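Okay, here's what each chain looks like letter by letter:
There are 6 protein chains.
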Amino acid sequence: MAKIVTMGEIMLRLSTPGYQRFIQADSFDVNYGGGEANVAVSLANFGHSTYFVSKVPENPIGESAVTALRKYNVNCDFIARGGERLGIYYLEPGASMRASNVVYDRAHSSMAEAKEEDFDFDTVFEGADWFHLSGITPAISDGAAYLTELALKAAKEKGVTISMDFNYRKKLWSYEKANKVMTNLMQYVDVCIGSKEDAKYILGLTPVTTEKTGIEAEDYIYRDIFQQMMDRFGLKCIASTLRESYSASDNSWSACIYDGKEFYHSRKYEMRIVDRVGGGDSFAAGLICGLIEGKDIRESLEFAVAASALKHTIPGDVNLVTRREVENLMGGDASGRVQR
Amino acid sequence: MAKIVTMGEIMLRLSTPGYQRFIQADSFDVNYGGGEANVAVSLANFGHSTYFVSKVPENPIGESAVTALRKYNVNCDFIARGGERLGIYYLEPGASMRASNVVYDRAHSSMAEAKEEDFDFDTVFEGADWFHLSGITPAISDGAAYLTELALKAAKEKGVTISMDFNYRKKLWSYEKANKVMTNLMQYVDVCIGSKEDAKYILGLTPVTTEKTGIEAEDYIYRDIFQQMMDRFGLKCIASTLRESYSASDNSWSACIYDGKEFYHSRKYEMRIVDRVGGGDSFAAGLICGLIEGKDIRESLEFAVAASALKHTIPGDVNLVTRREVENLMGGDASGRVQR
Amino acid sequence: MAKIVTMGEIMLRLSTPGYQRFIQADSFDVNYGGGEANVAVSLANFGHSTYFVSKVPENPIGESAVTALRKYNVNCDFIARGGERLGIYYLEPGASMRASNVVYDRAHSSMAEAKEEDFDFDTVFEGADWFHLSGITPAISDGAAYLTELALKAAKEKGVTISMDFNYRKKLWSYEKANKVMTNLMQYVDVCIGSKEDAKYILGLTPVTTEKTGIEAEDYIYRDIFQQMMDRFGLKCIASTLRESYSASDNSWSACIYDGKEFYHSRKYEMRIVDRVGGGDSFAAGLICGLIEGKDIRESLEFAVAASALKHTIPGDVNLVTRREVENLMGGDASGRVQR
Amino acid sequence: MAKIVTMGEIMLRLSTPGYQRFIQADSFDVNYGGGEANVAVSLANFGHSTYFVSKVPENPIGESAVTALRKYNVNCDFIARGGERLGIYYLEPGASMRASNVVYDRAHSSMAEAKEEDFDFDTVFEGADWFHLSGITPAISDGAAYLTELALKAAKEKGVTISMDFNYRKKLWSYEKANKVMTNLMQYVDVCIGSKEDAKYILGLTPVTTEKTGIEAEDYIYRDIFQQMMDRFGLKCIASTLRESYSASDNSWSACIYDGKEFYHSRKYEMRIVDRVGGGDSFAAGLICGLIEGKDIRESLEFAVAASALKHTIPGDVNLVTRREVENLMGGDASGRVQR
Amino acid sequence: MAKIVTMGEIMLRLSTPGYQRFIQADSFDVNYGGGEANVAVSLANFGHSTYFVSKVPENPIGESAVTALRKYNVNCDFIARGGERLGIYYLEPGASMRASNVVYDRAHSSMAEAKEEDFDFDTVFEGADWFHLSGITPAISDGAAYLTELALKAAKEKGVTISMDFNYRKKLWSYEKANKVMTNLMQYVDVCIGSKEDAKYILGLTPVTTEKTGIEAEDYIYRDIFQQMMDRFGLKCIASTLRESYSASDNSWSACIYDGKEFYHSRKYEMRIVDRVGGGDSFAAGLICGLIEGKDIRESLEFAVAASALKHTIPGDVNLVTRREVENLMGGDASGRVQR
Amino acid sequence: MAKIVTMGEIMLRLSTPGYQRFIQADSFDVNYGGGEANVAVSLANFGHSTYFVSKVPENPIGESAVTALRKYNVNCDFIARGGERLGIYYLEPGASMRASNVVYDRAHSSMAEAKEEDFDFDTVFEGADWFHLSGITPAISDGAAYLTELALKAAKEKGVTISMDFNYRKKLWSYEKANKVMTNLMQYVDVCIGSKEDAKYILGLTPVTTEKTGIEAEDYIYRDIFQQMMDRFGLKCIASTLRESYSASDNSWSACIYDGKEFYHSRKYEMRIVDRVGGGDSFAAGLICGLIEGKDIRESLEFAVAASALKHTIPGDVNLVTRREVENLMGGDASGRVQR
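Chains as they are written, first to last, in my numbering: chain A, 1 to 340; chain B, 1 to 340; chain C, 1 to 340; chain D, 1 to 340; chain E, 1 to 340; chain F, 1 to 340.
Rather than coming from a laboratory, the hints here were simulated on the basis of the structure. If you're wondering where the values come from, they're calculated on a predicted model, not measured in any experiment. All C-beta atoms, glycine included, are put in the ideal place defined by N, C-alpha and C. Treat the hints loosely; a few may be bogus.
What the hints assert, rightly or not - Below, in silico cross-link-like pairs of lysine-lysine (DSSO-like), each with a Cα-Cα straight-line distance of 30 angstroms or less:
# : chain 1 : residue 1 : chain 2 : residue 2
1 : D       : Lys268    : F       : Lys158
2 : D       : Lys212    : E       : Lys268
3 : D       : Lys268    : C       : Lys71
What the hints assert, rightly or not - Sample of chain F residues facing chain D (criterion: CB under 8 angstroms; computed from the structure):
# : residue
4 : Ala25
5 : Arg81
6 : Ala99
7 : Val102
8 : Leu235
9 : Ser252
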């Protein structure tokens, strides 16, 4: 059981039930989540000692967010209280050719306006094995970007392995700013998760062009862009998920990984989607879980892909699957047959 | 922003939640809708000044129906009050090979028993650009058929463009009666929406036979039957949707149009169905929207097909999509990817 | 209208709504069902005079179970009262590659601990035409196994036709015990429903091996295993459903039957699953319905397959379809088109 | 266990949840009920063999109404199928000073348009002990009034005891018509339930005036008006409930009875109301239950008042209490203490 | 039908169902409301031509807020689009001795940050008869306070009658600031609604002390404080509601008014509370309705009190009662008896 | 922050929504609770370090129970896994004169069949300040009674203060058995909570008789019976709640306490009940909270009564109030006024 730290914003998610549009809804389903919080729940679920670092307002909405994490066994001792509000995102789940619609209302959140004195990173990273964060945290405010670097530095000094999931959000910051901030932060990163688009927009790298098509093309491009990232940032490994979005209801899902030596593309799953939010986060958690337990990159990747494929069948942001369920799926049984 | 008038019955729809059968239901979902009312909401949604002409009982159920339209910006000034009851239809949404089940309880409705004095058509059509109705309105009662002709005459005198969506309902009237009434009303119609079955049963035309199959056969037959309709009724254009019903859960959706010169078949969408009621009405609204704004028939048709494909992903009778969402889908993105 | 008797346990089913995991649920959907009870409801629905023999606790939960059957016209005069509790099964419906999860809590139920004096089998089978049970009833306890044989003997003496649906549940008993008990009970059975796995584990037969694949292989194996069963147990006919489980959301569904002379494989349906529990029971009911009404094995099988395909579109354990709906589907219309 | 027959209309009740107004409701709670149907369920609940005579449309809504009665053990063999529609009533439950709002949509119902040939009263009343109906049935249409008299005659000829609950509904018929029809029907009645207002409007009697107030005044007036009814119609006994409506949320509830010799006023209950619909019907059922079992008028009345007080705590039209619960309440325990 | 303008913020209200605490809620009930918006709906409901002036973000949440008003017939032509977010308030409805809990998250809302150029007050007040606002609007931001004065000036110049409901919110601003801003705005006000606490904290007046108790004391104090307000600000009339809060579930409700000549205290209602939010707003609307229609202050006050008592029985912020329902209650019938 | 240990069974509670009877329910509300578990949540809520000792089955239902406690900050490290099932209780909440109905299905639960080796009491009580349990735990099985004594011994040896809430359940064991077991266990108890009925039935004491009535009588009897308990068992203090059950909807609530010197009767609260389950447990928690923090018995009792009065307004078994809310209520404000 490793000690894993994640840091980021936890938000209130308000989603419409039954494929309703916002304008039809008389009630919203309530969930609490956010990129790094979702990773934390997944890792706690897989049995690791997981800590979430954040700040929430000192009111019942803030407490509800904390409770939602503690319920799933995430250690909340490093969540500060104070500030103005809990960030919100409104979600209208899509269906068929109608995409899910997300409306962010996260400005001025307690985490976006958190200060250095809210966190004691020395204590946070004491004895930690892994620190994970995503490109969303530095994007939410200049203060959060500053805090992110402080945390990364503190973790680095303690010899903690660091993973970064790019998660570029164009509604949060411009390419230029993302590029500047993230390129700097890359110096601390050991394991990186990011798509070719992330590499292009965040890191300013140029993906190779090819006449190949389909998966073959994807592999060709990813080998190249991962190599570029390796060359430039000296990472342990890089991974990306690959989603084919046939529609809002049906996707395929696989992933690829590169460690400087081997490039590996996982099994591909065909998915009927119940809730796709948090799919990428559950992949990051699965990958960390594999790597921290000493699995090789192939096995880690397959674990991550299977775990995150299952996430798409679960309502809410967080991935509530057991290790055994993931392993069963990896073992080949995607038939959905009942055991009784 | 054009002034568009529709006229028809608005009903209370009572549907079972969660694919329940009627016999299982402890609650019914409540929606208000009806062919022309659905068209009105769509057109109001696209920004046009839309009026609905109807009659509802002077009780809270009638008021609720009016409110449901006003909510979506339909002008309700020409909805009369009085009569006995609001028509009802019970809906049991289907799934897979089980078809949706509709039970009508619409006899004796306020609209079916409305009188000439309930409406002042001169005022209604003052300054109007377009008048739309469907074959359901004249079908609900002799009185409604009479009122329909009165309205058509009044509109015609004011130079209003008139569209008619056949919508043959065999539970409401016989072929003979439909044929007699509708053939007469065709003299007022400029734009017509109807399937080859409508043409056969309502207009008494004989679709050509062919050894072709699939879409090729459909196009062959529609070219011919549309030409017959053109020859006989001198229309501006005729359109029909084409639904392939693989099951109650999955359909394909496209449409064709003919203006006497060009026959055009739209792009085809594969749909996972959330709610198929009102699909045809949203197509009519999309087509009117395109034509009234001066788009050519191709663009009008593609707008109408995209709009109505999206309708199938929205619960309830009415199509709550924005113009931008329709244009995005027309622009090619049916992938259902989230923007964030 | 034949008199049909079924005997078994009725349980409270607690299932999570909206694809939630157990850990997420704030409410459970309540249904009452069980193998033979589900068969009884189907047969009552098709118009037969159907009796259910069981025992429930003398408390409101037991009464609710009885009420759930009576609602659908099953005669409950032979349901005894007493004992400790109503058995429960918790159900987490699956989606996509996530299988449904069933947690049984049925030990110590009133039916598992029922005694000989709870039932007067002479009265029960007076004038009965058919007695159906499944391999679940003898599996729930030694007492229930004993009662099962008592019932079978009594039925046999009255000349009642007897059908048995194997329904092997490895969570309830071992192969050895199942084999011993069931092999003995087979002496009473006329019509048998069971898969090749049931034949192997319950009856100890060895399915033939083949290099064929797909349906061809299935047919080859079933012909052989059915012949083995015929040879050994002298049955009137044997049938099995054939489910291809692409995922928890999508299955194909067909069935085969053998009467010693003809082996017949039914039409195959592609299903989007709303609720797969009770699919096999609704097949058994359909088959009994066909055979008891004197249909030949082909027609009986097609009726059974169509009926049970429809079951998969209905929430809950029981199959709430009309005879006409089944016949429409058999007649070829699986398009799910609305009639209106 | 006596054989009891009731006859009347069963309706679909659509009510708003959570004290919503009609205009706010996105769903309606579904119940099926009606004066005599509610009486039938109560009596079946108390263990009597109870039959309901009615007519419902041959569609799933009609079947659902029948199922709702069968669920609670009412014999539905004499419910005819056919006609146009199931009557509906919309209910907006009140709270505090806001009264419940009922909108009827029951014209043209199958029962209102039922014919003589729909029922075989000789079979219906064969072996019957009691026939109950209310003043609603003759009010719904001339045809229903005619059928009511046919049924009363047939029952009288078989020596069946007859009870009538006046239930004057001014929205259904005028005083004049009610008076004419009901005065004639009174010749068949043995036991009568009606308020002083019913006596005044339906029977044309003049209640005495008094300077007393409160319960004392009520008793004074009821003694007198009951005596007038006795004198004129020669009844076995007459009873009335007495409701003090402090608000839509809080009422008191008692009743009085007279058998020509003794006038008796029951215990009074203070009630927090969950659902007051069917309160009077559950009183009628309780009274019949007591009288048919040979209890004296005091005990019968106390049973009826306790049963119907409990009804006010149960959602829906029908009274789902056990005999033991009623007897406990009669025994004095209105404290609502949990037993455990 | 008078033209009435209100101006203020409309917020998203998220409330827990079934008396849940925030920490328990898996869904929030969705309503849209706010002081002045609630007044607008009430007045539209009573048949007046009512306009709401505000600003909402240009996203589906903003549109949903507008739609919620339009549904109830409020003219939304003067609602600007833009800015950052829609204000939110979280509501946990109380029960018994547990008070309702409100968490505001309204900072940075579109209305709080609206600019002069968002509104064309000349057009807004063209032909207007009445302008109503509350002390909440100037409290939400300096900008909003500035806009409030602009609006008041524009209205005054057009000769519009102006009403102000103090509604002091100590969570929004300090006494000092409230006092400074509001004292200045009082120069424009004709009709004032405010409690003695408002008078003390907002206007800096000193309520008289008395040894009287109960209603007598209230009347004594209100006569005095109203006179002070009259003397200082030269108003047409002043009114205040008087709530006795026995618990979160039960309150009494009355009001008093003074026009410089007569002091009048209304009838008092005992209320079981369904939803108390918006009670004061519905009182303001009722008072404006009475005064604008030329009723005297007594009748206006009784109308306002009855209307707002009824509001407490309706879920949500807005008062969905008809004029007739209010008049019935004024006429004395608070018994909650059903009419049928 | 004290370390507090509780030990007992946690059950799944299945309750009907909206005052439905069991027979009406299509869904059950899901909560997890039990006497000592409820106490644990309350104490965790007040900020103490609280541990729950129990055993749950190793399946998702067992995990859900654990999660429900962890959500509210109860330490679950001492909850063993294994055994057959989670105990269940079905709850039908009462209203007005209809009492809540509880159906237990808790036999054979994992906790009832837990073994000595499931718990390491030395570790459990290491550093503990307080151990609380109730008379339910020894009642559920002989094994549980044995474990209870083991735990009490271990706690006593570590010098932990021990409190016992009698909670006699006549459905679980006889007076004789309860008396024998509990009298023995009393040797370990320091603080006792129990009614005069508990004292009579469990301890075999004889309450004094008196001609006084009401609260005066209660105080007289409780002084006496508490003194008897003091004399016999040498306790630190004894307390009892006093519930006047006007109906299932309305109760009064107070409590009394005695420490050998002073007898004190608390303030009395009038309550509208949302959910009365867990009322007594929340009282126990409040009392422990006060005493462990060194408050005197008066203040501890007032805190306990206020906390538990608030519990009655919260759905579910557990008391989700903050310390500040309790203190506000103690401070006198039971008016339910909103702060905003």
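Hints, one by one, checked against the model:
{"no.": "1", "hint": "D:Lys268 with F:Lys158", "verdict": "violated, 58 angstroms"}
{"no.": "2", "hint": "D:Lys212 with E:Lys268", "verdict": "holds, 27 angstroms"}
{"no.": "3", "hint": "D:Lys268 with C:Lys71", "verdict": "violated, 36 angstroms"}
{"no.": "4", "hint": "Ala25", "verdict": "violated, 11 angstroms"}
{"no.": "5", "hint": "Arg81", "verdict": "violated, 28 angstroms"}
{"no.": "6", "hint": "Ala99", "verdict": "holds, 5 angstroms"}
{"no.": "7", "hint": "Val102", "verdict": "holds, 5 angstroms"}
{"no.": "8", "hint": "Leu235", "verdict": "violated, 26 angstroms"}
{"no.": "9", "hint": "Ser252", "verdict": "violated, 12 angstroms"}
The structure fails hints 1, 3, 4, 5, 8 and 9 (numbered hints given earlier, in ascending order).
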